[in-house]
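> This is what each chain is made of:
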Amino acid sequence: AQKVTQAQTEISVVEKEDVTLDCVYETRDTTYYLFWYKQPPSGELVFLIRRNSFDEQNEISGRYSWNFQKSTSSFNFTITASQVVDSAVYFCALSEWGSRLTFGEGTQLTVNP
Amino acid sequence: NAGVTQTPKFQVLKTGQSMTLQCAQDMNHEYMSWYRQDPGMGLRLIHYSVGAGITDQGEVPNGYNVSRSTTEDFPLRLLSAAPSQTSVYFCASSYSRGGEQYFGPGTRLTVT
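If you read the protein sequences in the order shown, they are chains A and B.
The opening position of the first sequence corresponds to residue 124 in our numbering, with each subsequent residue numbered one higher.
The opening position of the second sequence corresponds to residue 1025 in our numbering, with each subsequent residue numbered one higher.
If you are wondering where the hints come from, they were derived from the structure by calculation, not from laboratory data.
Each statement offered as a hint is correct.
Distance windows between CB atoms, simulated:
id	chain 1	residue 1	chain 2	residue 2	range
1	A	V208	B	N1025	21 to 27 Å
2	B	T1039	A	S194	47 to 53 Å
3	A	K139	B	S1104	50 to 56 Å
4	B	T1044	A	S165	23 to 29 Å
Cβ coordinates follow ideal geometry from the N, Cα and C atoms, glycine included.
Using the sequences plus the hints, can you model the full thing?
As structure tokens, this is what we get:
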């Protein structure tokens, strides 16, 4: 069965600090997809990134970067120079069969001014 | 495009009442899903559909029914509401297996 673990329940940082959100997953499939979603205080779910299991290249998008390592079954998310607007709950998710997402429990990030 | 829409946004039910949460998408996506979000538990899959006429159970299907008569609509029915079904419900759609899921704004349901 697939499983996603986000061990950090809450993280608090001061603005401009870098912060890494950890995600560890379990799956028996060789083909799978990993995702990160952001849920700001307003409650909607915002898609951030999708990665398939055959693409281990790290990705950078502005202040966001993702580190995918199959050897350790991890898909970590780093925010560089954090801002108050980054305060949100961040979810890592795994899909073995495409349409079924298994979410981690989420990490509440608070960025203080 | 309106994307994924859900109605109502808020609902209060008494124990034993039934109701239908509506979900519609205008992106011609084949895949649609229903999730519930409870504090500290992330989102859990209730039911999903891979196309019109095809549905299947997710992780927490008990107490809920779904049907998919059209590509656009995927309603979720609560048969006899219980306080344990107090939650925020999200509908999502995706263009393909493995594609990112687009979420609706959610329905906050309280069962007293």
